[in-house]
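J.: Given chain G, put chain C in place with the hints provided.
As they're listed, the protein sequences go chains G and C.
The opening position of the first sequence corresponds to residue 1 in full-length UniProt numbering, with each subsequent residue numbered one higher.
The opening position of the second sequence corresponds to residue 1 in full-length UniProt numbering, with each subsequent residue numbered one higher.
Keep in mind that the hints were calculated from the coordinates and are not lab data.
You may find that some hints are simply not true.
Any copy will do: because identical chains look the same in the list, a pair fits if it lies in one copy or spans two.
Derived pair list, reagent style SDA-like, types lysine to any residue, alpha-carbon separation capped at 25 Å [stated by the list, open to error]:
1. K57 - N79
2. K57 - G38
3. K57 - E67
4. K54 - T68
5. K39 - K60
6. K39 - N28
7. K31 - E74
The lines below spell out each chain.
Protein chains: 2
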Amino acid sequence: MAEENIIFVGKKPTMNYVLAVVTQFNNNIEKIVIKARGKSISKAVDIAEITKHKFIKDAKYKDIKLETEILHGENGDSNVSSIEITMTR
Amino acid sequence: MAEENIIFVGKKPTMNYVLAVVTQFNNNIEKIVIKARGKSISKAVDIAEITKHKFIKDAKYKDIKLETEILHGENGDSNVSSIEITMTR
Numbered sequence: 001m002a003e004e005n006i007i008f009v010g011k012k013p014t015m016n017y018v019l020a021v022v023t024q025f026n027n028n029i030e031k032i033v034i035k036a037r038g039k040s041i042s043k044a045v046d047i048a049e050i051t052k053h054k055f056i057k058d059a060k061y062k063d064i065k066l067e068t069e070i071l072h073g074e075n076g077d078s079n080v081s082s083i084e085i086t087m088t089r
Numbered sequence: 001m002a003e004e005n006i007i008f009v010g011k012k013p014t015m016n017y018v019l020a021v022v023t024q025f026n027n028n029i030e031k032i033v034i035k036a037r038g039k040s041i042s043k044a045v046d047i048a049e050i051t052k053h054k055f056i057k058d059a060k061y062k063d064i065k066l067e068t069e070i071l072h073g074e075n076g077d078s079n080v081s082s083i084e085i086t087m088t089r
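Only chain G is shown next, with the shape it has when bound in the complex:
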């Protein structure tokens, strides 16, 4: 069964996440999911594109999902968009 790993994109520099994705591919993980919410979505796309163009040239996008998540806060609920980029090699 193909191993699958999830990487959550947060406030660290873009290249930290790229390194994490590249390392996993090089450890024979076949399927990696990059997840991000809100303003981190742009960073998730950068991470995927840099991985694909500079490091793992045979990586492909298997699926890209956009969704809306509901965050429950003290001042009521708010909506935030999210992306899930599934890459395989």
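T.: Same frame as chain G, but now just chain C:
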């Protein structure tokens, strides 16, 4: 033949672009492409999700493409990620 319209996401407020997408769907345009680069990618995802969840409930994602574009500047070339979200109803 299905009409297709392209919306480029820039610095205007998110709801301006949502209104543009909703207006086009309501004018019987069947296929709309939302394009954005760099930090505007997050906004493009918001525009698509708000359109789908609040206004055009039968809209679907037909295709989502991620790419890298090369910008030619005075100080040499730089890469920028881009997204193309194709929506249909």
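J.: Give a verdict on every hint.
T.: Now for the hints, and whether the structure bears them out:
1. K57 - N79: Classified as between: cross-chain Cα gap 16 Å, same-chain 35 Å, threshold 25 Å.
2. K57 - G38: between (28 Å within a copy, 21 Å between copies)
3. K57 - E67: Classified as between: cross-chain Cα gap 14 Å, same-chain 28 Å, threshold 25 Å.
4. K54 - T68: Answer is between: at 11 Å across copies they meet the 25 Å cutoff, but 31 Å inside does not.
5. K39 - K60: Both, since 24 Å and 23 Å are each at most 25 Å.
6. K39 - N28: neither (30 Å within a copy, 31 Å between copies)
7. K31 - E74: For K31 and E74, neither the intra-copy (37 Å) nor the inter-copy (39 Å) Cα distance is at most 25 Å.
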